[in-house]
Amino acid sequence: MADTKVAQMKEKVVKEPSLMTGAVPAKDWWDVEAVFKPGNYCYPAKKSIVEYHNKSLPGIFGVPREWDPESDDWHLPENWKEIILNGLKERLDKFRSLKIFMDCCVRCGACADKCHFFLGTGDPKNMPVLRAELLRSVYRNDFTLAGKLLGQMAGARPMTFKVLKEWFMYFYQCTECRRCSVFCPYGIDTAEVTMMARELLHLVGVGTNWILEPAANSNRTGNHLGLQPHTFKENAEFLLDDIEEATGVRLQNLNFNRKGAEVLFIFPSADVFAEPGIFTFMGYLLLFEHIGLDYTISTYTSEGGNFGLFTHNSLMKKLNAKMYAEADRLGVKWILGGECGHMWRVLHQYMDTMNGPANFLEVPKSPITGTVFANAASTKMVHISEFTADLLHHNKLKLDPSRNDHRTVTYHDSCNTARGMGLLEEPRHILKSVCNNFHEMPENTIRENTFCCGSGTGLNTGEIMDLRMRGGLPRANAVRHVADKHGVNMLSCVCAIDRATLLALNQYWNPDVEVCGVSELVGNALIMEGEKERETDLRFTPLAGMEG
Amino acid sequence: MRIINPLIAVLVLVVVALVAAQVPGGQALVGIILPYLAFAVFLGGVVYRVVYWASSPVPFRIPTTCGQANSLPWIKQNKLDCPSTKAGVIGRMLLEVFLFRSLFRNTKAEMHEGPKLVYGSSKFLWLFAILFHYCFLVIVLRHMRLFMDPIPAFVAALEFGDGFMQIGTPVFYQTDAIFLGALAFLFLRRITLTNIRYISLPADYFPLFLIMGIGITGILMRYFLRVDVVAIKQLALGLATLSPTITGQIGAIFFVHVFLVCALLIYFPFSKLMHMAGVFMSPTRNMINNNRMVRHINPWNDPKIKPHSYASYEDEFREFMVGADIPVEKELPAQPAGEEAAKAAE
Numbered sequence: 001m002a003d004t005k006v007a008q009m010k011e012k013v014v015k016e017p018s019l020m021t022g023a024v025p026a027k028d029w030w031d032v033e034a035v036f037k038p039g040n041y042c043y044p045a046k047k048s049i050v051e052y053h054n055k056s057l058p059g060i061f062g063v064p065r066e067w068d069p070e071s072d073d074w075h076l077p078e079n080w081k082e083i084i085l086n087g088l089k090e091r092l093d094k095f096r097s098l099k100i101f102m103d104c105c106v107r108c109g110a111c112a113d114k115c116h117f118f119l120g121t122g123d124p125k126n127m128p129v130l131r132a133e134l135l136r137s138v139y140r141n142d143f144t145l146a147g148k149l150l151g152q153m154a155g156a157r158p159m160t161f162k163v164l165k166e167w168f169m170y171f172y173q174c175t176e177c178r179r180c181s182v183f184c185p186y187g188i189d190t191a192e193v194t195m196m197a198r199e200l201l202h203l204v205g206v207g208t209n210w211i212l213e214p215a216a217n218s219n220r221t222g223n224h225l226g227l228q229p230h231t232f233k234e235n236a237e238f239l240l241d242d243i244e245e246a247t248g249v250r251l252q253n254l255n256f257n258r259k260g261a262e263v264l265f266i267f268p269s270a271d272v273f274a275e276p277g278i279f280t281f282m283g284y285l286l287l288f289e290h291i292g293l294d295y296t297i298s299t300y301t302s303e304g305g306n307f308g309l310f311t312h313n314s315l316m317k318k319l320n321a322k323m324y325a326e327a328d329r330l331g332v333k334w335i336l337g338g339e340c341g342h343m344w345r346v347l348h349q350y351m352d353t354m355n356g357p358a359n360f361l362e363v364p365k366s367p368i369t370g371t372v373f374a375n376a377a378s379t380k381m382v383h384i385s386e387f388t389a390d391l392l393h394h395n396k397l398k399l400d401p402s403r404n405d406h407r408t409v410t411y412h413d414s415c416n417t418a419r420g421m422g423l424l425e426e427p428r429h430i431l432k433s434v435c436n437n438f439h440e441m442p443e444n445t446i447r448e449n450t451f452c453c454g455s456g457t458g459l460n461t462g463e464i465m466d467l468r469m470r471g472g473l474p475r476a477n478a479v480r481h482v483a484d485k486h487g488v489n490m491l492s493c494v495c496a497i498d499r500a501t502l503l504a505l506n507q508y509w510n511p512d513v514e515v516c517g518v519s520e521l522v523g524n525a526l527i528m529e530g531e532k533e534r535e536t537d538l539r540f541t542p543l544a545g546m547e548g
Numbered sequence: 549m550r551i552i553n554p555l556i557a558v559l560v561l562v563v564v565a566l567v568a569a570q571v572p573g574g575q576a577l578v579g580i581i582l583p584y585l586a587f588a589v590f591l592g593g594v595v596y597r598v599v600y601w602a603s604s605p606v607p608f609r610i611p612t613t614c615g616q617a618n619s620l621p622w623i624k625q626n627k628l629d630c631p632s633t634k635a636g637v638i639g640r641m642l643l644e645v646f647l648f649r650s651l652f653r654n655t656k657a658e659m660h661e662g663p664k665l666v667y668g669s670s671k672f673l674w675l676f677a678i679l680f681h682y683c684f685l686v687i688v689l690r691h692m693r694l695f696m697d698p699i700p701a702f703v704a705a706l707e708f709g710d711g712f713m714q715i716g717t718p719v720f721y722q723t724d725a726i727f728l729g730a731l732a733f734l735f736l737r738r739i740t741l742t743n744i745r746y747i748s749l750p751a752d753y754f755p756l757f758l759i760m761g762i763g764i765t766g767i768l769m770r771y772f773l774r775v776d777v778v779a780i781k782q783l784a785l786g787l788a789t790l791s792p793t794i795t796g797q798i799g800a801i802f803f804v805h806v807f808l809v810c811a812l813l814i815y816f817p818f819s820k821l822m823h824m825a826g827v828f829m830s831p832t833r834n835m836i837n838n839n840r841m842v843r844h845i846n847p848w849n850d851p852k853i854k855p856h857s858y859a860s861y862e863d864e865f866r867e868f869m870v871g872a873d874i875p876v877e878k879e880l881p882a883q884p885a886g887e888e889a890a891k892a893a894e
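In order, the protein sequences belong to chains A and B.
By this note's numbering, the letter at position 120 of the first sequence is numbered 120, and the numbering carries on one by one without gaps.
By this note's numbering, the letter at position 303 of the second sequence is numbered 851, and the numbering carries on one by one without gaps.
So that you can see chain B by itself, here it is in the shape it has in the complex:
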């Protein structure tokens, strides 16, 4: 059910888009109104979620230190994995965001007879995660050619690089294949590794299927099914300049593609996909390990919480302390002479 339901959900989205592309007014709805709506929900939702996060303070400075701290001058600090300066944190975050530093550490543990635990290198998740994310980024940037006129130089350069093998007409983009391959790996990994399968939720499969759907419809449109590229460019440029028009026969596959992209944009802010923004705000990564150097302020620190006072401690144990020659603030009350004499007599 965890896998089938999200798959059905994506197929339903495809069918809805196919139907919408055929009914009167449907193309305008999917091609014009929905993109604006989805973009608004995406932007608004992401901003809302980030503001929601930021509205809570970070009461304590809790970096996870993954290397030697700044300590004595002759001890070599690991400035990236255990930064003590803002520059170090920026470096740590750049590594995290652009190179998935933490995922690169991944190992795989195995239990053998003995018992003997063995930890092997395990870089595949890192590799395919990074391929997926970078290809996605390149593909999104390549699409800027549709929204801009003239096409920016960096987009043209990207397209040239992506198609440098010059295979086929239109030119085949490597990122398309790698993107789908990486997605397939991430999906197969989820269903074949026992423990990953066990932890996976519908919310993990749904975005995978949705993004696969976007990739497949995009590839179909570019390489296999005829669509009116000029009309698409006109529509996209129109969307970007707030004067969208739909002319000619664009082809239903285009509307499926756009519909799924809109679904992804709308789904994004309410889902785990928000890790894109969250990674920047994780306190264990983005804080400076200068805890003992600079005092961190907790806005809700409660000054009314006081320690069990020394005075009450001494009051309770004064007799024992005096008896054990431990210095005290207040001496024991002088005992009346009579009592002392009586004690001495005992």
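Chain A on its own, in the form it takes in the complex:
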């Protein structure tokens, strides 16, 4: 739980002097130093973890060492500035986006109050424009004529340890949600800027353990939790008992690493591990059994999420490469992807480019409806919401939506599926089919305007709970609105990070609202062959009218 009690936090976010509450900062932003203290930073990566990554991707994660962000000596390599500047040069040469985003900002301020971290903290450097200026100022100093000639008059400043500290603080208070880029007249995408800055930080060995350790686990064991194959399988099989208890049906379809299956199903590993993800997993399995899908799950690629995305494009590519490799080895026809936000940013915008072409796969075709997923013709990977929405549209599912009548549901668009993919209507179509009580949050907080859970991109770690609760405030506030107005008691989503972080967020701000995956609600509503009379939902909460 967060360090600050919620009653206190409610006061603080409204009254504490900040840019959000109308206070005028006393100093110019470049004169304000980043001060690390317990609770405002993520723990640095362990030496052993960096050593592990260095074995396969040398030179990207810096020199393995123990270091303390609160100290004034981070044990950086002697030539760390040179490494950063060379790294920046290399990235300018590799990414047109970086050049454009460095040169074109006019500081109109349209982005300023669009960031959830700014809204929750009021910290000026959480305005996307200033977050980018942290990097832009260094770019101007060393890579532009105006900066070289005019220095600070042109908004330039040299790379110093003070700047590095700012980078580590504020590029880890950005969740790469891209909300600011929707409002920017030039489409400047802070996610892109943050990705570049984090790559640069990693080059000098400044990274966080909550990202690099899960990434190491994903590489070695197949999933970020570090579950070994037998444990992964046991965890998943254990959920069959729960499904049987809730529905009276013993599923026979769960299988692993099976060659010749039609579909390889890849989902975020948290869905076999922790509530409420496990209920989403039950929903997947019930759906597949219901339609008789010929699928398999791989323990080797048992993680949909890609923690490489939060570090460096090489690690993103390396982790992602498992998916096609495994699909090839198992000889499946196409890949189905579970509910996970940043997993889908990678699958939709990076996978084919990085690790394609997947010519050994076929253009995905639903074996039930015959629908060809033309929108996935090259990548050959389909989102479970697209797949399910198609089944519903063709009336292939037997449903009893009243089994979700004890829920009044709203839907949280995850940042990546909304702004990195355009997946907006599919989950809504599903929800409206499987629930009778569905209400949208206010329009400025959903679809392309959706607010981040506040803890994406590897920030969902326990040591920064206050920050997370502040960053998640805009989302929580919109949930509060529909909870008060419509009695919403269930916040659904299609993202595993959301399922973990919105849970904590709601326990803090909206304890009366639970969190679920969309597929869990599908699982509740599905009428299975040979089922018993349902008295509870998949999480053993009594159905409406069964409370007695």
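Since the hints were made in silico from the structure, they are not lab data.
Every residue, glycine too, gets a C-beta built ideally from N, C-alpha and C.
Keep in mind that the hints are not guaranteed to be accurate.
[To be verified] From the derived model, a few chain B residues whose C-beta atoms are all more than 12 Å from chain A:
#1 F587
#2 P605
#3 I764
#4 R774
[Unchecked claim] Taking lysine-lysine and the DSBU-like style, the derived pairs with C-alpha atoms no more than 35 Å apart in a straight line are:
#5 A/K365 x B/K664
#6 A/K46 x B/K852
#7 A/K12 x A/K165
#8 A/K10 x A/K162
#9 A/K148 x A/K46
#10 A/K27 x A/K5
#11 A/K432 x B/K664
#12 A/K162 x B/K656
#13 B/K671 x A/K27
#14 B/K664 x A/K12
#15 A/K333 x B/K878
#16 A/K81 x A/K55
#17 B/K854 x A/K365
#18 B/K656 x A/K5
#19 A/K55 x A/K162
Using the hints, position chain B against chain A.
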């Protein structure tokens, strides 16, 4: 300092121009040599910057999707905010460039007791930005009357439309007033809104003051101070036909105006004003969201980066996998009979 220094810089430019207009040869310098130089720097600089941008590849297709994607045929796609075709992208870019689509989305967030966050409509920035840019465009096009003979029909039409209220002599152009009004709004917004003031740099005030200076000198020249319009037309036409001459007493204000315009042209390629070209090249806006349909190529994609292989994964966990009935590629090595018997005995 962030505001005063750029203001001083522009005033210095004005003084330099006033002095130059008085000294021998100064008028030729400001009226003939400088315009050619400034135009060359502007063109060369803009081309250089665009080529500099274009010399870096776009390794990944990263459109920001602002609406429903092309998906199942019965789901209505938002073809402009989430285009899946080239035509859609062209539409999206036209909206962006001509109507400032993204800025039109602007909202203003407020924190109230509760806490309660409220998002209100906020279209003023969009409105004044669009007024400023369109007036600037009309004014620049109107100036073509000086550089061309005969005056093109569209310029004449523009002038007629701009002065349709027929107020005063010479006829008052609405764009002049709206232009200065919009500039004043953009400036006042910068200094009155706390967070905008906080993010503003000298590089934000300098072009505002410079453009204001150009507008004010232009208006002074047209409506208040006498200048020799015939001589100006002769000079401008001469510049355009590469045979410039300065005749008669044009008036110092003209040279201040020209000097500031030249300063703007020279400053342009090295500044944020390059957003004019950059907006066309922004990957989050000008890319087609057909990521899973058509493979995008990254020229520096490194084929040497391979996944942790399945073989090494199985090697590490084979025993557990076999124990858990998970299929494997290679079976466990058969254990020697003696050892097995010993195990059984345990």
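Going down the list of hints, with the structure as the test:
1. The claim that B/F587 lies off the interface holds: its Cβ sits roughly 19 Å from the closest Cβ of chain A, which is beyond the 12 Å cut-off.
2. B/P605, annotated as away from the interface, has a beta carbon of chain A within 12 Å; the closest lies near 6 Å.
3. Taking the minimum C-beta to C-beta distance to chain A, about 22 Å, the non-interface status of B/I764 holds against the 12 Å cut.
4. Interface exclusion of B/R774 from chain A stands, the closest Cβ pair being 37 Å apart, more than 12 Å.
5. At roughly 46 Å between alpha-carbon atoms, A/K365 and B/K664 are farther apart than 35 Å, so this suggested pair is violated.
6. As the CA atoms of A/K46 and B/K852 are separated by approximately 27 Å, the hinted pair is consistent with the 35 Å bound.
7. Pair hint A/K12 plus A/K165 holds up; C-alpha atoms about 25 Å apart against a cutoff of 35 Å.
8. Among the hinted pairs, A/K10 with A/K162 is consistent with the structure: their alpha-carbon atoms are about 32 Å apart, no more than 35 Å.
9. The suggested pairing of A/K148 with A/K46 is violated, with an alpha-carbon distance near 38 Å, which exceeds 35 Å.
10. Restraint check: the Cα-Cα separation between A/K27 and A/K5 comes to about 30 Å, which is no more than 35 Å; the hinted pair holds.
11. A distance of roughly 28 Å separates the Cα atoms of A/K432 and B/K664; the hinted pair therefore holds under the 35 Å criterion.
12. With a C-alpha separation of about 32 Å, the suggested pairing of A/K162 with B/K656 holds against the 35 Å cut-off.
13. Our distance criterion of 35 Å between C-alpha atoms is met by B/K671 and A/K27, whose separation comes to about 30 Å.
14. For a cut-off of 35 Å, the pair hint linking B/K664 to A/K12 stands: about 13 Å separates their Cα positions.
15. With a CA separation close to 24 Å, the supplied pair A/K333 and B/K878 stays within the 35 Å bound.
16. As the CA atoms of A/K81 and A/K55 are separated by approximately 24 Å, the hinted pair is consistent with the 35 Å bound.
17. Under the criterion of a C-alpha separation no larger than 35 Å, the hint pairing B/K854 with A/K365 is consistent with the structure, at around 29 Å.
18. Among the hinted pairs, B/K656 with A/K5 is consistent with the structure: their alpha-carbon atoms are about 28 Å apart, no more than 35 Å.
19. Simply put, A/K55 and A/K162 have alpha-carbon atoms about 31 Å apart, close enough for the 35 Å limit, and the pair holds.
Checked against the numbered hints above, the structure breaks hints 2, 5 and 9 and satisfies the rest.
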